[in-house]
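Novice: Add chain B to chain A, keeping to what the hints say.
Here's the letter readout for the chains.
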Amino acid sequence: MNLLAFFRRRDSAPVARERLQVLLAHERAVLGGSDLISVLQEEILAVIARHVAVDRDKVQIRLDRGDLVSTLEVDVEVPSTLPNAPRTAHARA
Amino acid sequence: MAQVVVVTSGKGGVGKTTSTAALGAALAQGGENVVVVDFDVGLRNLDLVMGAERRVVFDLINVIHGEAKLTQALIRDKRLENLALLPASQTRDKEALTPEGVERVIGELRTKFDWIICDSPAGIERGATMAMRYADIAIVVTNAEVSSVRDSDRIIGLLDAKTEKAERGQKMPKHLLLTRYDPARAARGEMLKTEDVLEILSIPLLGIIPESQDVLKASNLGSPVTLSSPNSAVARAYVEASRRLKGEQIKLTLPAEARRGLIGKLFGRRAIA
Chain A
1 MNLLAFFRRR DSAPVARERL QVLLAHERAV LGGSDLISVL QEEILAVIAR
51 HVAVDRDKVQ IRLDRGDLVS TLEVDVEVPS TLPNAPRTAH ARA
Chain B
1001 MAQVVVVTSG KGGVGKTTST AALGAALAQG GENVVVVDFD VGLRNLDLVM
1051 GAERRVVFDL INVIHGEAKL TQALIRDKRL ENLALLPASQ TRDKEALTPE
1101 GVERVIGELR TKFDWIICDS PAGIERGATM AMRYADIAIV VTNAEVSSVR
1151 DSDRIIGLLD AKTEKAERGQ KMPKHLLLTR YDPARAARGE MLKTEDVLEI
1201 LSIPLLGIIP ESQDVLKASN LGSPVTLSSP NSAVARAYVE ASRRLKGEQI
1251 KLTLPAEARR GLIGKLFGRR AIA
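Protein chains in written order, with the numbering used here: chain A, 1 to 93; chain B, 1001 to 1273.
Keep in mind the hints are simulated off the structure, nothing from the lab.
Quick reminder that beta carbons are idealized off the backbone N, C-alpha and C, glycines included.
One should not assume that every hint holds.
Said to hold, decoys possible - Ranges between beta-carbon positions, derived for each pair: (1) B:Ile1250 / A:Ile61: 45 to 55 Å; (2) B:Gln1249 / A:Ala46: 47 to 57 Å; (3) A:His26 / B:Arg1110: 35 to 45 Å.
Stated by the list, open to error - In silico contact screen, one side only, chain A against chain B (beta carbon under 7 Å); selected entries: (4) Asp11; (5) Ser12; (6) Ala13; (7) Ala16; (8) Arg17; (9) Leu20; (10) Leu24.
For reference, chain A alone in the conformation it holds in the complex (with noise of 0.2 Å):
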């Protein structure tokens, strides 16, 4: 073994400490709202369905979570077979 590399090895423990650190603070934050999300997305869905057919691969939704304040965009393209339907229909929770 290498005398140089002996000494200038790096602990794993503190990488392994941060590497957890970032993941869990993702993780938590996506399993934690996810169940909300799809909610509130099922439900917009199904009140616009009830109206016009939607696609659902032409759904698109955004979230935003602010300190105080937490935006839901749910953009959805509605098709242009019915007349004077707007094109985008697009609903803020």
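Specialist: Same frame as chain A, now just chain B:
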């Protein structure tokens, strides 16, 4: 009043079954009336670790489905008369666990025992969610290793969401049991330290169980480690953890660290590297 405890972790192989057997036996040795319940339907092992594998006639699923009475399925420990085992089924799968059935069995166990310790299977599927569903207290078994800590974090989230207690809006008390811990490696910066794991998971510590050869010996013999090697460091750690579970305030004794001189350190490291 009876306490229902779930021993859970998410990850497999961290020591749930060993800890269930050891804590159950330690509580029974302290005079409590204890039953350990195996929820690992299809892959039961608590019977083997408890040394009762040849005495299983009926199991949890039989009781849930009304094919056997609870008293017929309970196996009394041969060493401790106040310790019993409710084995899992080996032939069915976890879908046979119904919430209503589990609730009824747990309710019946509450009338017979002081402590009902539920050994959860690994994973986050039905077996694990049924094991935690009616618990009053959770013990999260974790190794000082990244995948185990991550899975424990996930399980903590489920304990706060998918249990009856959580659904009633109550807080599920959770305790961390750090198992297979190697203080020498932690001191050398090769293993996450206790305080790192505690800080990341932020639940109180029930105990630190050192990595030990006595655990394999105990499972070879079919005896909880607190019975097979009562004077070992690992058995003492489990006994202390069981007393903390009962609410006793006991100072945590860290497993003895290998103190070596400079020469010993150098040669010790070289031998490992």
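Novice: Does Leu20 (chain A) meet its interface restraint, that is, does its C-beta lie within less than 7 Å of any C-beta in chain B?
Specialist: 5 Å, holds
Novice: Next item in the hint list is Asp11 (chain A). Is there a CB on chain B closer than 7 Å to its CB?
Specialist: 3 Å, holds
Novice: Closer than 7 Å between Cβ atoms is the bar; does Ala16 (chain A) clear it against chain B? Give me holds or violated.
Specialist: At about 5 Å, which falls below the 7 Å cut-off, the nearest Cβ of chain B leaves the hint on Ala16 (chain A) intact, so it holds.
Novice: Would the hint on Arg17 (chain A) be counted as holding, given a Cβ-Cβ threshold of 7 Å to chain B?
Specialist: Since the shortest Cβ distance to chain B is 5 Å, the answer is holds.
Novice: Can you tell me whether the CB distance of Ile1250 (chain B) to Ile61 (chain A) sits inside 45 to 55 Å?
Specialist: 50 Å, holds
Novice: Hint validation: Leu24 (chain A) versus chain B, beta carbon distance must be below 7 Å. Holds or violated?
Specialist: This hint holds: Leu24 (chain A) lies near chain B, its Cβ roughly 5 Å from the closest one there, short of 7 Å.
Novice: Grab the minimum C-beta distance from Ala13 (chain A) to chain B and call the hint holds if it beats 7 Å, violated otherwise.
Specialist: 5 Å, holds
Novice: Has the hinted range 35 to 45 Å been met by the Cβ atoms of His26 (chain A) and Arg1110 (chain B)?
Specialist: 40 Å, holds
Novice: Does Ser12 (chain A) pass the interface check with chain B, least Cβ-Cβ distance below 7 Å?
Specialist: 6 Å, holds
Novice: Could you tell me whether the CB distance from Gln1249 (chain B) to Ala46 (chain A) stays inside 47 to 57 Å?
Specialist: 53 Å Cβ-Cβ, so the 47 to 57 Å window holds.
The structure meets every hint from the earlier list without exception.
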